[in-house]
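**Student:** These protein sequence lines are chains H, S and G, in that order. Note that the UniProt record's numbering gives residue 181 to position 181 of the first sequence, counting from 1, and the numbers run on in steps of one. Note that the UniProt record's numbering gives residue 91 to position 91 of the second sequence, counting from 1, and the numbers run on in steps of one. Note that the UniProt record's numbering gives residue 190 to position 190 of the third sequence, counting from 1, and the numbers run on in steps of one.
Some hints could be false.
To be verified - FRET-style restraints, in silico, Cβ to Cβ:
(1) S:Pro-93 to H:Ala-180: 45 to 53 angstroms
(2) S:Phe-91 to H:Glu-179: 50 to 58 angstroms
(3) H:Ser-200 to S:Phe-91: 34 to 42 angstroms
(4) S:Pro-105 to H:Gln-127: 53 to 61 angstroms
(5) S:Thr-260 to H:Asn-32: 23 to 31 angstroms
(6) S:Asn-240 to G:Pro-11: 26 to 34 angstroms
To be verified - Which stretches of chain S does chain H cover? Using the computed rule of at least three CB atoms under 8 angstroms from a CB of chain H, they are:
(7) 81-91
(8) 125-132
(9) 140-149
(10) 194-207
(11) 217-227
(12) 233-247
FYI, nobody ran anything at the bench for these hints, they're computed from the structure. Model, not experiment: these values are computed from the prediction. We put the CB at the ideal spot given by N, CA and C, even for glycine.
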Amino acid sequence: MASSSSIALPGQLLGPASKFQPGPGTHIHQSNLYSSLLGVVHISQPAKAPGPTKRLTKITPAPAPAELPTVSVSRSGVSEKREVLPEVGNTVLCRVIRITPRQAVVAILICGDTVLHAEWQGLIRVQDVRATEKDKVKIYESFRPGDIVRAEVISLGDQANFYLSTARNELGVLLATSEAGNNMFPVNWKEYQDPETGVSEPRKVARPY
Amino acid sequence: MTDRRRINGPVGATIPLVFEDVEDYEQVATKAARSRAPNAVRKMYLKTGVTPSASGSAYLEIETSGKGGVSGLKLSCTVYGPRSLPRSSPFSPHIILSTHVKYAPFATKQRRGYLRDPAERDLGSHLEAALRGAIIADRWPKSGVDIIVSIIEGDQDRETSKTQGDEAWDIMNALSGCITVASAALADAGIDCVDTVAGGVAALVRDTADSSPSIVVDPIPSEHEKILASCCVAYLPTRNEVTNLWYKGDLPASDMELYTKLVEKGIQASTNANRVLLECLGETVN
Amino acid sequence: MASTQHALLSPAELAYLHAALSLTPPIRPDGRSPAQFRPLVAETGILPGTNGSARICFADGTEAIVGVKAEVERTRGGYEGEIVEGGGAEEVVTDVNDEEKKGESDWVEMTVEIPGLRDDDATTAFLGAMISEALLADGGFSRRLWINRRFHWKLYLDILLISPPLSYPLPLLSLTTHLALLATRLPRLKSEGDEDPFFDDDWAAARYLYPRNKKDGKTTARPPVTLLVMAVGNNIIFDPAKEELAVADVALAVSIGEDATTAATATGDDASLMMDVDSTTAAAAITSARNLRLLSIRTIDPPSRLTPSGVPNATNTAYGAATTQKQPEARTAEAEAVEGVWRAPRGGAKPLVMAALVHKVLEKGGIADEVLDALHAVDLG
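The shape of chain H in the complex, shown without the other chains:
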């Protein structure tokens, strides 16, 4: 997707703002686009750009009426360590830490396809667990501590938490452990089953891809 690539340093001129759209890792100063990161320059053509570029989306630019090529600077290839901030619309993988009747507190582990180094905390509120019959949702019938959950970021949230939602079919618990301590497999949209004891436990199950 990158039609050309080269190295950019912070503060390096990338081109006029009238010819390019600013992507991640760039900023505008006096009608010119400058790099704001040390990394590799990618120029993606608009035809391909609106695709799910979940690589390092710090900023998702709103497509302008005139479709301009997007220029971005990414850290991939420069450093293994790259930190991304979970952003509204991103799909994240997280582990449930604790549950209360109103919400499940999770630790976000992977954002997009980037493993996070820092610990970001997320919150799945009871009304965000599923899209239908929201009033009948019970957190303890949806998540248990230790579950690995696929969720979507819906808000930057408050000072401590990102707000997450699992209100889609493909979102929900991916991996669950039974009370006996065995890994379970999903049997339907709301149940996991222990292969050894045969006991099934309620969960908000993610549809397998």
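Using the hints, position chains S and G against chain H.
**Tutor:** Frame of chain H; chains S and G shown alone:
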């Protein structure tokens, strides 16, 4: 108050006699001269990625002035973050910078303690002001970054007596080094910056008691008879902007020209440091 | 830092303030002219237990007290051998010329206390360093504390902000310190030469740290003053309030001092001699005689960098912008600045702007002159 927990020395302590060696004295007198041109900065070495566990790190070393027993400046900077803020802190739409500058206990002639003293805190707030102008704070809402600079070796001449060198002037050189090294570490950590910021120092000095004052860049205080004024500038070269300016000294207010020149030279020193910084960052990528 | 005290203003308010302050002439929220200071009440000598004290109260309710205490301390590194009476080579030198009187910076200890801030807070350290830096800039101040070659005065300056910091407290603290030092008196020395110091008990005979003219009771030399200056757009604004600082492009703290020697000659015979020649030139000579010194400049990190940015209508989904993104809360894309929409400033200030700020303070008949004139008028009691 007497210290009763330890065994104390006798009360009427005397100071041991110090005999001044005539030869040594002359040597010190001849040493105190600047060998570089007024516009020349000392050579520096900069490398990023020296601390694997940190998000970003850099190490800066400034050459000694070429005489034995004189330590150069050695700085190491580590950047941790961006990471989530502690639970107690309120929501912030921006990245929260916290800068710590610490002299190693053995970095200066006089030993420093482990706790940060007011001078070090002050350096930290200068560094914060310099970096805050360079980073794009709203790219990282509700996150914080810790920037820790350790001064492993301060820029102090061991040979000079305590009365000769004034630490107040050394601190300017230390700050300019801190700014440069922190800027490299921030770029290494992948935190969005508008430009690379680097520090530079210029001073108005008098070499002998009766000579006219002149402006030099990157001064070593012990090389000059008296420093009249000094300024440390943090400068963004592509934007032509100053993020931090610290001037100290005693200049007649009627002579604005002198002040302007001093700042100009500071910017020049900063531009020189920036060239090293850019080259170092280029090497990091390749 | 300055940024720790947020003025709680919305992006719209910030944009309005910024626009008002960028006009020519600027319109300040409290109606002052760009170079006008807030009114203040000042008094000195309020604490009888100190060597010198002062209190200043700003009209907005911020108030500071400074107390100065002095103690006699043995000079480190000074020779501590006994002065042998009649000892051949060890002659007691009674007249020490001024060159030899050398002070050290640790003869002054300054503490700043601001309610609601920890002692080790960066702001406190920054303020303390800034005020003491100006005081010690030329080494002239610590020279005043010299008693003899073995002893010196150790001066403790305790700066207390009584009210919560409603605005950036630097100018207030600096002015209060200035007045307290002017009012500071040290007991008259009775002993001579390098013998152990022995002082006059009579407080009325105590000498001022900054000596005064016999005739008008005004001092000749004066301690430094630190002024806060900021720039918004093309305007330079003095003594900014908290709200004004919240939209500053750049803020500087400039410390100025007054050179004693030339000021003394101007108030002395030279001026009156000139008067006979030509009154106009004499008047010019007096104003130019104030020999200002530039002692220190520091950049204050403007809190404007940490203000929330506004969202222009063009990208605001609530105003019918292209809702290609499902979530209204998605991060605003990098875009050009839009007129009338507040954006937290990025980067620093142009060197020319900084130079203009300093120039405005220091120019003849400029703000520095005005402030010093005003301080002259304070009754030192």
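**Student:** Hint by hint, note whether the structure agrees.
**Tutor:** Hint-by-hint comparison with the structure:
no.	hint	in the structure
1	S:Pro-93 to H:Ala-180: 45 to 53 angstroms	holds (46 angstroms)
2	S:Phe-91 to H:Glu-179: 50 to 58 angstroms	violated (37 angstroms)
3	H:Ser-200 to S:Phe-91: 34 to 42 angstroms	holds (41 angstroms)
4	S:Pro-105 to H:Gln-127: 53 to 61 angstroms	holds (56 angstroms)
5	S:Thr-260 to H:Asn-32: 23 to 31 angstroms	holds (29 angstroms)
6	S:Asn-240 to G:Pro-11: 26 to 34 angstroms	holds (28 angstroms)
7	81-91	holds (count 9)
8	125-132	violated (count 0)
9	140-149	holds (count 4)
10	194-207	holds (count 3)
11	217-227	violated (count 0)
12	233-247	holds (count 4)
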